[in-house]
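Chemist: Listed below, chain by chain, are the residues.
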Amino acid sequence: AQKVTQAQTEISVVEKEDVTLDCVYETRDTTYYLFWYKQPPSGELVFLIRRNSFDEQNEISGRYSWNFQKSTSSFNFTITASQVVDSAVYFCALSGSSNTGKLIFGQGTTLQVKP
Amino acid sequence: DAGVIQSPRHEVTEMGQEVTLRCKPISGHDYLFWYRQTMMRGLELLIYFNNNVPIDDSGMPEDRFSAKMPNASFSTLKIQPSEPRDSAVYFCASSYAGEANYGYTFGSGTRLTVV
Chain A
384 AQKVTQAQTE ISVVEKEDVT LDCVYETRDT TYYLFWYKQP PSGELVFLIR RNSFDEQNEI
444 SGRYSWNFQK STSSFNFTIT ASQVVDSAVY FCALSGSSNT GKLIFGQGTT LQVKP
Chain B
221 DAGVIQSPRH EVTEMGQEVT LRCKPISGHD YLFWYRQTMM RGLELLIYFN NNVPIDDSGM
281 PEDRFSAKMP NASFSTLKIQ PSEPRDSAVY FCASSYAGEA NYGYTFGSGT RLTVV
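Heads up: the sequence lines are chains A and B, in that order. Positions in the first sequence are counted from 1; adding 383 to them yields our numbering. Positions in the second sequence are counted from 1; adding 220 to them yields our numbering.
Same shape as in the complex, but just chain A (with noise of 0.2 Å):
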């Protein structure tokens, strides 16, 4: 079965600070996908990232970094210098190349950013 943890409910932190979100998986799959989406006030889902099972490679894209590590299973986010927009749920997915796109979301992470 495939199942995708985020053991931090809710995390807060004031502006400017370093913030990691956890994220473990399980899957029986050689090949599969990690997603991590963004769900701002709003409501709507916004897509952040894809990694596959195959480049573990770790990315950078501005204040946002991950951390993909197979021999954990995990695939952590970090927020640098975290801003008051930053302030989401963050949820990770997961898609096994059998289930040709399902996702599997974790329950997600609640950040709140103070000023």
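Certain hints may be false.
[As the list claims (entries may be wrong)] Below are the SDA-like pairs computed for lysine to any residue, each with C-alpha atoms no more than 25 Å apart in a straight line:
(1) 497/A to 259/B
(2) 244/B to 488/A
(3) 421/A to 328/B
(4) 244/B to 430/A
(5) 421/A to 308/B
(6) 288/B to 488/A
(7) 244/B to 429/A
(8) 386/A to 244/B
(9) 421/A to 333/B
(10) 244/B to 427/A
(11) 421/A to 288/B
(12) 386/A to 325/B
Since the hints were derived computationally from the structure, they do not count as laboratory data.
Mind docking chain B on chain A? Use the hints.
Modeler: Using the frame of chain A, we list chain B on its own:
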């Protein structure tokens, strides 16, 4: 491109009434997904289509729920009769074959309230 378009944005209905949610996927996309988001269950896949054909409806909660995709540019999710426990945000998403694991685009969602 206008993205995935869902209507209505908000729906309030009385228990026992029929509710129809609508979705227009991105032109050229041939996968379409219906998700439901609740506080208790998070984001869960209800059904998805490929080339207008339902592929996996194992997430449809019960016979009161039905989904159709009569053509490549339109899908509906119907609940009949509706119950208060159906209150949730329903998201539609679409993606392109072969890139289904690239992360698909979500619509803005329909917030359904059954009273």
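Chemist: I'd like to know which numbered hints this structure contradicts. Please list them from smallest to largest.
Modeler: Structure breaks hints 8, 11.
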